[in-house]
Every structure is written in structure tokens, then in C-alpha cells.
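Trainee: Once you've looked at the hints, go ahead and assemble the two chains, each given alone in its own frame, into the complex.
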Amino acid sequence: MTDQSTGALLTTPLDSLHRDLGAKMVPFAGYDMPVQYPAGILKEHLHTRSGASLFDVSHMGQAFLMGDEAIEAFETLVPGDYQIMAEGKTRYTVLTNDQGGILDDLMATRIAGGLYLVVNAACKDQDFAHIEAGTKGRADLQILTDRALVALQGPRAGEVLARLAPQTQEMKFMTFREVEIAGIKCFVTRSGYTGEDGFEISVPSAQAQDFAKILLEAPEVELAGLGARDSLRLEAGLCLYGHDITQETTPIEADLKWVVNKRRRAEGGFPGAGVILDQLENGTERLRVGILPEGRAPAREGTQVQDTDGNTIGEITSGGFGPSVGGPVAMGYVQIAFSEPGTAVNLIVRGKALAAKVVKMPFTDKSYKT
Amino acid sequence: MSVKYTEDHEWISVDGDIATVGITGFALEQLGDLVFVEVPEPGRAVNKGDEAAVVESVKAASEVYTPVSGEVTDGNGAIADDPATVTGDPGGSGWFFKVKMSDAGELDELMDEGAYKAFVDGLD
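As they're listed, the protein sequences go chains A and B. Note that numbering that gives the first Met the number 0 numbers the first sequence so that position 308 is 307, with each residue one more than the last. Note that numbering that gives the first Met the number 0 numbers the second sequence so that position 57 is 56, with each residue one more than the last.
Since the hints were derived computationally from the structure, they do not count as laboratory data. These numbers come from a predicted model, not from an experiment. Beta carbons: idealized from backbone N, C-alpha and C, even for Gly. One thing to keep in mind: the hints can contain errors.
These stretches of chain A come out as covered by chain B in the derived footprint (C-beta under 8 Å, 3 or more residues) [claimed, not checked]:
(1) 34 to 40
(2) 287 to 300
(3) 318 to 324
Chain B with its partners taken away, still in its complex shape (with noise of 0.2 Å):
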């Protein structure tokens, strides 16, 4: 199972043709406390690119983008429950939607691990 990067700080795991979505931990860095997620019900129709998922901190709302094309087959109400859930384990129980992808070729134009550390130590 391998895990991309976007320069929108999203991260997603593959698993077949199921992928996993979430924010890094520098994403959640940069936003402070989280008081609010909204993630995406399943069935709906997704384009890569597209806003899926809601994340707001006290100061400011942001969007999570889908790095993948398909359908979502599940968004993680557990951190809709409790957005500060996600601040424990931004990459594993803190993940917001799967999709189901449509073209796996998209997944060639995220970054990997090292690439996406070399991008944000560019941040900086």
C-alpha cells in the first residue's frame, strides 16, 4: 500500500481501487485547533481536484481536495463527531473519505513521501 502526497497537503493511501484521503500533519499544523469537518456522503460523484471535505480551526475555513477522480464510498463521521480526534492521528483514524477511483493513472502525478518532504521543507 503506498501513500501520495498533494501540494495541498492531502494524503492518500491506495488499496486496490480504494483510496483513503486525509490532511498531513503539517496541514494540521498550519490550521491550529480543528472545530469543525465536514466530509463528503457516500455515492457522490467525485472529480480530481474537487472540494470533497470541509475543515475549519477557529480562525479560518479551509477545503480538502480530492487528489483522485470516482465515487466516494465512505466519509469518516467519527471526525465529523469530533473534529479534535483528527489532531491525534492526522494519517490513520484521522482520514476523511474513500473513493473509489476511476483512473489510477491520476495517482502518478502526486508526490511521494521524500518528494513531499523536500515540498514543505520549501515551505519554510
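Chain A with its partners taken away, still in its complex shape (with noise of 0.2 Å):
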């Protein structure tokens, strides 16, 4: 693991801004990362709900996968269907090992003569190493090192680009777009993991701290750092991977059966299709399912659930305060007998059973704009 005070943390483009604004930075994916800024979680948070928020994701990976058999090649790493996709549409995804388990969670983007990927930070390097190793010879990966990325979120996200780059107004959630704004070449997804509408945004590294101080310019944008985009995701139910899944969950049991595509769900061929095609006919001895505390303590990662009779039944896997709902929630893997919304359950929280009951994510409205 990387330590603070080796001084052996990476930095992304926006590093001195975030510090010129007073973030608070801790270590995060080997990055010196924004934890919060001056403002504190609670108002980015529902900043971020009300209007617009930008975080820093430079710490994420991105990559070109390029050549005539890219989708296909990358096809059989993940269970989603992209043949089908057309140019400029994004897809959620995950990359499968043998077992049906998960190595990491992916936006994937259709572009002409391939795929733009970005995957997550502290999967970064195994990723490329796994894709480039199993797409060798049908396809090209290039990974991008000299961009930064940048998430504007929000409901008043689309009128604050609207107003710098008009074609972006009319994207649907889930598109993609080259846009050059102020002379800055991006690359736009309507997209985002905060279940609001908004924007991810790549630009090149050089030009990060201009493009960033253009949007903080705006009115209705704020600065939130990775304290709010937890929260947020949180609330809208979005899984954090090495938390919520793992090498050790597979995407039926996360409740992610939407992954797998129809044609993929016939056809397989992609890592551990057996395990996974049968657990999307048979079903699954767990899930992962919304759980609301109903007193005002938080249950965190790691806590236990138990049935009614004290018999351990789960465990939750992210769990907080919800700024937005205004008290606790969580989520986490539960027998599939208990998976039902109004289940009661346990949560061990030091030492007491706390009441809570089994709901349906997310835990506040999504508002993408489709």
C-alpha cells in the first residue's frame, strides 16, 4: 500500500488548485486525492444534488482499445453486448474472471474504430495488463496518461456546458461527444456515478487547470471532493468496487443482472459465462440489496446482519449517512431468503441489534436525462 509519508503518492493535474482552494487531500488509489474542500461533505453533497458540482477523477484510467476487432476482442473479457452499441454510446460494464467474480467495474464508450474506457483507479494497471493480455494481436490498447478527468454533476450541470459548448445540450445519458471548449479538446459523456445528471469529461493534463477554472467560474458549480462522491453514490445505490463487489461477487449476485446482455445471455463467451448464466436461470444464495437502518445510527462497512432471531444472515459492504435522505443508510449481501424490500433485519452496530429493514435502491430519485 502506498504510505503518506513516503511522499511516494501520485498527484493528478489538478493537484496545486485543489490545494490553492483548501481541500483537505488524503491518500486514495496511490493518488494524493480531495477528500473534501472547505465546505465539508454535507453541503458538497447536497450542492451536488441541487446543482453542480466538480470532482476530480484524473486518478481514474482511461484507454483506447483501437482496430477492426476491438469489440470484439473486448467482448470476451465482459458480459455486455457492444457489437449491438452504436458509435457514441456508453455502456456500464464489468470485467469477469473465471469463476463469474469481478475484477473491476467500466464505462465503455463506442468510438469510431474502437472503444473508450475508463476504469477505476486502484484497478488501473491489473486492467490494462488483463485486457491488453486478452485482446493481444485483435486489438491496440493506449493507455491515456496525459489526460485528466473531471466530473461535473448535478441538475444544473447541462446548462452550465450548455452555455460553453451548446452541442452538449442535446447528449442523452450515456453518450459520447468530442467537444472543444475554449480551444480545449474534450471528451464528453453525458454519465456520471452520483445519480444525478452531469458530465465526465477528459481533457489533456496541460490544459486541466484552465478547463476546471472555466466551470468553477459558473455560478451554480462548487467544488466535492471523494467524501461527497461516496455519499452520493451511495444514495443512488451504485456499487463501489473492492467494497460492494469483488473478485468474490459476481454481477447476479450484486443485483447488476443487467450487465448481461441478452445476445451475451445466449451466446456466453466471456470469463466465467458458466457460473454466471447459470446463477441468471437458477438464481443465487445471496444478494446484494438496499438496507435502512431505522434508527439514526449508521451502519458501516463490515457490520453484520442478522434475521429477527439473531441468526447472521449478511453483511453490509458501504454504509453511512445520507445527506439527502438525512439519516443512515446502506447496502450490502444478504441470503436470498431476506432479500425481499421490507424485510426486517439486525444490524450489529458495537454491540446492539439496531432495526432496519431490506429497500429498494436507490435511495433518492436519479435524474438523467433520457
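Mentor: Below, the structure written as C-alpha cells:
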């Protein structure tokens, strides 16, 4: 693991901007990243649900996978149908292992001549090695080390970006365009991981500061850090890799069965297809569900979930306080018999059994532009 | 009435044999916005260093340790009802609990204001 005291942390192209604006920096996935700004996580979270927030996500990995056979080769690694997609469309998918477990979750966009990939920071080296090995001789992986990535998220993100680039106004959620903003060549995807409308925008590293400053000049836009990003995605019911999904969880157990697209269900041809298609047919022993504590105490990752008779039936994988919900929210895995929304469960917090119930996610309404 | 401090960023104010315990402004700054507070029930026996209360921010849960042994005489229900109120006055109305001390000698091991300030300055 990377230790802050060794000085071995990597920095993003926006590092000095974060420091100038008073960010509290923490080590995350080998990078020195802003966990919050002076406003604090609560305000940053709530602002993202009412205005527009700018997040630095430059630690994430970006790459092109190019070549005539890039789509077919990529499909040997994921359960998604990319052949059916038009150029400019983005789809969330997972890299699976031979046991059906999840190596990472990622966004892949069809572009002219191949795919544009965005993967998690903590997994990017392994992901890229895995994708390169898995597509060798059929596609060319080009890792983009000279581009920053920012997310502009919130109900007012659309109008902010439309003022700078009118052609983004008509973009639908999960679509991609190359757009020039103030002379900066941007890859704009209408997507995000907060449960809000918004964009992820890739810009050349050298122009990242200029670009961020242009966005911050908009009166609707405030900075938000990794702390708010985490509480936002939790309320939206979205998985955090390494916590809610891992090599030990399959997409079916994780309630992500929609990532296995129709043609792939029929054809298979991705790692772990035997396990995953069997689970689609016959079900799983456990399922990721939303869990709403009835009291005020948050239940954190690792909290034991029990039935009302005191038998252990699962574990919380993400939990905390949901600022928009105004109370604690959590998700985790429970035995399938307890996965129905409305099921009463207990959470063991500091030795006490706290009442909670299984609920449908998201905890807050999503507001994607469809 | 003297105020002492711990390395875990609790403050303790003593009036006779009753000690009032809270968390310092520095602790609050490190935690960020508080979203949950749990305070002990009156009558609970505590030993110096025990976890006596809980504070949670959006990010994480932390314990508040009692700097002295004795019996809890009061927990601050107002901050349990509205954790955000600690933020306004951590050293006053944002107190966590009161303990009837069984060994006032334990206070001697704690830092005074000057020592605590130097301790905090040394953390940066």
C-alpha cells in the first residue's frame, strides 16, 4: 500500500488547484486526492443534488482499445453487448474472472475505430494488463496518461455545460461526444456516478487547470471531493469496487444482472459465463440489497446483518449517512430468503442489534437525462 | 474550574468531583460535519480510557473516551438529538457527558491548555 509519509503518492493535474482552494487531501488508490473542501462533505453532497459540482477523478484510468476487431475482442472479457451499440454510446460493464467474480467495473464507449474505456484508479494497472493480454493480436490498447478527467454532476450541470458548448445540450445520458471548449479538446460523456445528471469530461492534462477554472467561474458550480462522491453514489445505490463488488461477488449476486445483455445471455463467451448464466437461470444464494436502518446510527462496512431471531444472514458492504435522505443508509449482501424489500433485519452496531429493513435502491430519485 | 485535555482530543472541565467531558475544536475540525452522536446513560460505571460516547461524521465513526474513572451522572441528550449543534460550541453547550470522579488523581496525567496547544501544533 502507498504510505503518505513516504512521499510516493501520485498527484493529478489539478493538484495545485485543490491545495489553493483549501482541500483536505488524503491518500486514495496511490494518489493524493481531495476528500473535501472547506464547505465540507454535507454541503458538497447537497449542492450536487441541487446545483452542479465539479469532481476531480483524474486518478481513474483512461484508454482507447482500437482496431477492426476491438469490439469482438473486448467482448471476450465482459458480459456486455457492444456490437449492438452505435458509435457515441456508452455502457457500464464489468470485467469478470473465470469464477464469475468481478475484476472491476468500468465505462466503455464506442468511438470511431474502437472503444474509449474509463476504469477505477485502484484497479487500472491490473485492468489494462488484463485487457491487453485478453485482446492481444486483435486490438491495440492505448493508455491515456496525458489526460485529466473531471466530473460535472448535478441537475444544473446540463445548463452550465450548454453555455460553454451548446452541442452538449441535446446529449442523452450514456452518450459521448468530442467537443472543443475554449479551445480545449474534450471527450464528453453524459454520465457519472452520483445518481444525478451530469458529465465526465476528459481534457489534456496541460489544460486541466484552465478547464476547471472555466467551469468554476459558473455561479452554479462548486467543488466537491471524494467524501461527497462516496455518499452520493451510496444514496444512488451504485456499487463501489472493492467493497460492494469484488472478485468474490458475481454480477448476479450484486444485482447487476442487466450488465449481461440479451445476446450474451444466449451466447456466453465471457470469463465465468458458466457460473453467471447458471445463476441467471437458477438464482443465487445471496443478493446485494439496500438496507435502511430505522434509527439514527449509521451501520458501516463490515457490520453484521442478522435476522430477527439473531442468526447471521449477511454483511454490510457500504454504509453511512445519506445527507439527502437525512439519515443512515447502507447496502450489503443478505441470504436470498431475506432479500425481499420490506424484510425486517437487525444490524449489529457496537454490540447492539439495531432494527433495519431491506429496501429497494436508489435511496434518492435519479435524475438522468433520457 | 480547570480544563484539561487528552491526546485523543477530549477536554475535561472539573467542578468539585464532577467532570464534564467533550471534544475539542481540533477534533471537530478533523471529523467534519457530525451526523450521529451517542452519549452514555446516567449510572454507567466507566474506567479511564473506556469508550463512553460515539461521534460519527459522514465519513467515519469515532469513539469518545472518558479521561477519568467514575460513574456517569449525565449524557447530553441535546447533542444526541441534533449532532450539528456540537459544531457551534464544542467547548460549551456541546459537552458529551458528566462523570462523578472516583480518583481525582487521574487528572494529573492530563495536559493543560498550553501543553495541549503544543501537542496539536506538533501534529501538523
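Trainee: If a hint holds in the structure, say so; if it does not, say that too.
Mentor: Hints and how they fare:
| no. | hint | verdict |
| --- | --- | --- |
| 1 | 34 to 40 | holds (count 4) |
| 2 | 287 to 300 | holds (count 4) |
| 3 | 318 to 324 | holds (count 3) |
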